[in-house]
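Chains A and B are the protein sequences, given in the same order. At position 160 of the first sequence (counting the first as 1) the number is 436 in my numbering, and the numbers step up by one without a gap. At position 293 of the second sequence (counting the first as 1) the number is 569 in my numbering, and the numbers step up by one without a gap.
You may find that some hints are simply not true.
Copies of the same chain look alike in the list, so a pair counts if it fits in one copy or across any two.
Once the Cα atoms are required to be at most 30 Å apart in a straight line, the calculated DSSO-like pairs of lysine-lysine come out as [to be verified]:
1) Lys400 to Lys554
2) Lys479 to Lys289
3) Lys300 to Lys400
4) Lys332 to Lys400
Since the hints were made in silico from the structure, they are not lab data. Since we're looking at a predicted model, the values are computed, not measured.
What follows is the residue order along each chain.
Protein chains: 2
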Amino acid sequence: MSLDRLMMRIVQKQNPTVLGLDPKLESIPEPLRNRAFGTYGETMEGAAAAILEFNKSLIDALCDIVPAVKPQCAYYEMYGWQGMKALSETVRYAQKKGMFVILDGKRNDIGTTMGAYAAAHLGKTRVGATECTAFGGDALTVNGYLGSDGINPLLDVCREEDKGIFVLVKTSNPSSGELQDREFTGGCTLMREMGGLCEEWGKQVPGRHGYSGVGAVVGATYPEQLAELRKELPHTFFLVPGYGAQGGGAKDVAGGFDKNGLGAVVNSSRAILYAYQKEGCDPKDFAAAARREAVRMRDAIISEIGAILLPL
Amino acid sequence: MSLDRLMMRIVQKQNPTVLGLDPKLESIPEPLRNRAFGTYGETMEGAAAAILEFNKSLIDALCDIVPAVKPQCAYYEMYGWQGMKALSETVRYAQKKGMFVILDGKRNDIGTTMGAYAAAHLGKTRVGATECTAFGGDALTVNGYLGSDGINPLLDVCREEDKGIFVLVKTSNPSSGELQDREFTGGCTLMREMGGLCEEWGKQVPGRHGYSGVGAVVGATYPEQLAELRKELPHTFFLVPGYGAQGGGAKDVAGGFDKNGLGAVVNSSRAILYAYQKEGCDPKDFAAAARREAVRMRDAIISEIGAILLPL
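Based on the sequences and whatever the hints tell you, model everything.
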């Protein structure tokens with residue numbers, strides 16, 4: 277009922293990072309695209325086949341050193357139901373290889389509708405007397421603008437299925453402050469209010485190692501706020517986007533971790549997925565290039581935070 | 277580049293309502309379910325087939341009197357990619373019958389990722405040299421917590437493809453006030469701030485009849501705030517959930533309309549979809565029961581607001 281399974285993998289691999297699977301068709305190595313288009317034509321099926329092969333190769337190359345993947349739902353939805361099929365197959369494949377899967381869907385709604393999202397992305401769906409799995413992730417990113425009515429239906433599923441959520445608190449983009457940094461009367465900003473709600477919601481899904489099943493998204497691009505929020509939210513695990521291509525570095529994310537080197541998992545997508553372009557190596561070697569970049573990222577962060585310990 | 281196409285249909289049909297397509301498998305009339313399960317078994321395919329048939333029957337029964345449908349994405353995602361396929365077929369079918377389709381996905385992200393959602397739900401997706409359509413709605417609900425970086429990518433698509441968006445401002449649920457009603461220093465609440473941003477964003481996608489392509493979601497369950505926001509946001513068209521099953525009535529939504537009877541479209545889902553249960557009629561007659569309830573809703577609202585005029 278928490279993010280304990282993610283933490284266990286982070287400690288085992290001594291690597292607090294997650295590979296963002298944001299497959300842009302036009303950046304997928306040409307040999308893969310040509311193979312898929314050769315079979316299916318320039319169609320949604322063709323795009324989905326190229327994406328799935330790309331993802332599987334990356335998972336194969338990284339699953340022994342990276343604890344988790346984070347598919348960004350938007351890049352699958354844009355290829356229609358065929359893309360969503362590739363998403364569900366990616367989730368299953370990553371889990372089979374031992375990885376923890378964070379679905380980055382930023383879903384939000386209320387009551388039974390939010391319950392439907394919880395079933396879709398974390399739980400099970402009942403069809404007649406049969407239980408089916410739609411996407412079956414281990415955690416889901418969500419948006420808390422609608423308040424507790426939008427979060428409670430998720431907590432039931434987290435408890436029953438041993439899953440977790442990450443609520444948007446302080447996002448990594450330049451305009452995140454337009455609303456999130458605004459102060460309410462009394463002096464608390466919207467992001468700190470949202471963070472406080474995460475601590476409250478988390479009480480319903482406590483974990484074994486100090487962090488609950490309700491995590492928070494806090495961007496690497498605002499290192500001071502990341503460090504402040506780490507102190508203010510002692511039971512809330514952080515998913516940290518904005519590393520690499522968006523500008524955050526290892527020193528910027530260090531403040532997101534606690535004294536045990538736990539408390540955060542840092543995402544990188546483009547810098548790893550398309551490392552072959554930056555390296556200028558043969559596109560066929562994209563997976564090896566991705567692994568080299570993932571190792572560099574791991575080592576850079578570990579050199580800042582030291583060994584990661586799991587408190588009992 | 278706006279919601280003009282929706283307004284035109286509302287005026288033509290003299291009906292400012294939208295049918296929420298939230299198909300709950302267990303509430304779909306038994307004959308439809310049995311037929312689908314008979315062909316596909318109790319599988320995601322079976323569920324998707326029952327949902328699609330249910331939706332098509334309702335669209336056939338209502339398309340001459342109701343201007344728009346609003347499929348709630350969660351109820352399709354919970355049936356996996358098969359459910360998403362039923363969603364895309366529902367969108368196409370409703371448009372073929374002349375209805376405006378609002379995809380209720382409450383999507384949110386930033387930059388190129390939000391661009392991917394815009395392509396998925398409103399625009400087109402490029403696959404090699406070919407342009408494909410993923411879900412192809414006419415409008416999309418979105419969550420503005422991430423600020424302008426999350427909205428601007430949508431405005432490009434609204435402009436190019438003549439589409440619209442609805443940003444969550446004041447939602448219909450009991451806990452919506454936890455954050456949305458909180459006051460920032462200076463006295464403006466979060467929901468009013470979000471409403472003000474809608475007016476700003478809307479300037480980039482003006483419409484021909486006074487309302488821009490950036491609408492707002494404002495719940496029927498808070499009639500005073502609905503009326504206040506109507507005055508404060510003269511260029512922002514409202515999508516009003518919370519009518520019927522959630523407790524809002526015709527008098528509650530009246531304040532959402534302007535002097536021409538324009539300015540809002542009111543959603544009802546369960547009360548219409550499952551009218552056959554409330555009426556206690558033969559489940560086979562579910563579509564006729566839905567039509568009767570849709571007529572009652574239309575007449576109740578029109579009796580409050582009068583004839584709807586399109587200003588030039």
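Do the hints match the structure? See the list:
1. Only between protomers do Lys400 and Lys554 lie at most 30 Å apart by alpha-carbon distance; the minimum there is 29 Å, versus 41 Å within a single protomer.
2. For the homomeric pair Lys479 and Lys289, the shortest alpha-carbon distance inside one copy (28 Å) is at most 30 Å, but the shortest distance between copies (50 Å) is not.
3. In the homo-oligomer, the alpha carbons of Lys300 and Lys400 lie at most 30 Å apart both inside one protomer (29 Å) and across protomers (15 Å), since each shortest distance falls under that limit.
4. For the homomeric pair Lys332 and Lys400, the shortest alpha-carbon distances inside one copy (24 Å) and between copies (26 Å) are both at most 30 Å.
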